[in-house]
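J.: Sequences listed follow chains A and B, in order.
The first sequence begins at 1 in the UniProt record's numbering and counts up by one.
The second sequence begins at 1 in the UniProt record's numbering and counts up by one.
By construction, these hints were calculated from the structure, which means they are not laboratory data.
Yeah, the Cβ is synthetic: ideal placement off N, Cα and C, and Gly gets one too.
You may find that some hints are simply not true.
Claimed, not checked - The list that follows gives simulated cross-link-like pairs (lysine to aspartate or glutamate, EDC-like), each with its CA atoms no further than 20 Å apart:
1. K413/B - E194/A
2. K413/B - D86/A
3. K230/B - D125/A
4. K13/B - E26/B
5. K144/A - E108/A
6. K100/A - D125/A
As the list claims (entries may be wrong) - Facing chain B, according to a computed beta carbon distance under 10 Å, are these residues of chain A, among others:
7. K100
8. I165
9. L172
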Amino acid sequence: MAARVLVLSSILTFSCFAEICYGAVSFSSLERTLVVTASHRQGLLLAGEDKITVAWGLNQSFPAGTDSTYRTIKVQLCYAPISQVDRAWRKTEDHLSKDKTCQFKIVEKPYSNTNETLEWTIERDVPTATFFVRAYALDQHNNKVAYGQNTDAKKTTNLFDIQAITGRHASLDIASVCFSAFSVVSLIGFFFAEKRKGGKGQQ
Amino acid sequence: MEISSNGAETQPKFALPVDSEHKATEFRLFSAAAPHMRAFHLSWVSFFACFVSTFAAPPLLPIIRDNLNLTATDIGNAGIASVSGAVFARLAMGTACDLFGPRLASASLILLTAPVVFFTSIASSPVSFLLVRFFTGFSLATFVSTQFWMSSMFSAPVVGTANGVAGGWGNLGGGATQLIMPLVFGLIRDIGAVKFTAWRIAFFIPALFQTLSAFAVLLFGQDLPDGNYKRLQKSGDKQKDKFSRVFYHGITNYRGWILALTYGYCFGVELTIDNIIAEYFYDRFNLKLHTAGIIAASFGLANIISRPGGGILSDAMGKRFGMRGRLWTLWTVQTLGGVFCIILGQVNSLSASVAVMIIFSFFVQAACGLTFGVVPFVSRRSLGVISGMTGGGGNVGAVVTQLIFFKGSRYSKETGITLMGIMIICCSLPLFLIYFPQWGGMFCGPSSAKTATEEDYYMSEWSSNEKDKGLHEASLKFADNSRRERGRSVHSQTLPSNATPPADV
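Just chain A, same shape as in the assembly (with noise of 0.2 Å):
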């Protein structure tokens, strides 16, 4: 019993441990020095087949300076809240390690003081969905240290509906049919065979 409770306990602290070593940078401790803008078509967007305009540049309104340790710039498409209802799986943490608003990248490359555009098509495996776009800066160490996005603090402005593929083809869904029949089928026949052997008085 003392024995349990020792393993126990030092399985719990091991992992309190555990805890500690994690990253520490919060996505409220960033700075919002970014302006990114995303336009598109009217109406629900297509995934594979619409794209999105997404430009991004330093907010001059900042001293210079400011982005001196930017080394990167990550452009992603982000979860609207209203996407994140009862879906713990896109749940959005301040602990930036936790966080899951943002999962699908729009493009990763050197951070370059001038503004820039870049016309991306929506991928295949984007999910049905409201999203917006979020740009992250990073330093050297890859750790991210500035951010912008084209929706407001609150993630109710600017945001735009996705509509993703089915993922079916009409080969498939023959080949569903078919093969369901054949088993059906094959058991009915099996059905008939035994009673015909049955039949026969066989011994």
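Once you've looked at the hints, dock chain B against the given chain A.
T.: Okay, now just chain B, sitting in the frame of chain A:
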């Protein structure tokens, strides 16, 4: 042609040593000799295939939930649906086995649920996803036919082992699928398919496997050591029983209900974990799909030895201490499973979680094996119904547990797991109430009344009318063979066997 001489039978045709019912008294794993070991291999492989199909969706949920726009509630509901179908299917399967034989019953079910697995590839909404998981779950009723078949083929000294290995290696499917499906998915995606198409194609693999295993059962299996039900019924060797009588004697046996409840908290827990563990590791520890799948798989893979271990332990305890030993061991192992479940919900680090999960899996799965070391003795006439009730109870446990603790966002998964552990401990207590007059229960010894013999217990399932017609012969043989459940201390005692006048063969 059989030569019969006053009860003594010639048995040159069986590869294994057999008892008076022609059930094997030894279990040889690496043999495929007909009919005993062949039945074993056919039953565990087909059951394995059904488990693979039923739990093929969970490891791919991170992809499916995005494709079909599922919420946590949708996923929880589908998980509950996947195990609720089998509640009544298992009871129905038990009855079907009693009446038609395990071979036809299981193969029919497997071939009728295979289409649903194929149709999973065309699911396109939360509702269709729930429906395919619901109907696929019916195939888990093959568990009952597996246990019934093993109880028909193997005798008391090894029935726990046979049931445990067949059940355990079948349950393995729940673990193997967590490895197989991400692998197949990855392969198809790397060949060039998009994620949302790749998972659909991947489902053809379990579906085809299931279909082929059913064919094997039909072509190579037989119901009893002496042949198939239909043929034996024609020749008069096996009496065709009445559904209403079989069903009545099954559901009026209170031991069946207690075992149904307790099985809900070892097997039901196993099913619940199969449904939630991959997502749990993926989301909580930020692992890759593949890695979460491997860890989740190790839970189910422990079934290779844990459930068989439970069966073997039951037989060993039965040999030494009789039925009382079987019951005590079952209670102890299941309660320990509950303790480790509580711990699993409390630990915070990845490595500790994996370690505790593996220990927990051993206890929970061994408890399943131990349960089916007791089930074959509860009833002889209604073995199928009792097996079906117990098996169905397992699924009820899974449904109830997922409904209370793992639906929507009410409890975090870790809290749910801890609460589930507490429930395991509480729901194992009814085992104390099981009592056999001829063998005793956990607290009480066997009754000293003169009517407390194995024969009295098993003959109570037959009316005097039926006994006059000689319908009870098989039960009588079983009663005689089950005398070793008294344990070693009385084993040497020779008791008067109610010798039966040999029936006309």
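J.: Hint by hint, which ones does the structure fall short of?
T.: Going through the list in order, the structure violates hints 1 and 3 and respects the others.
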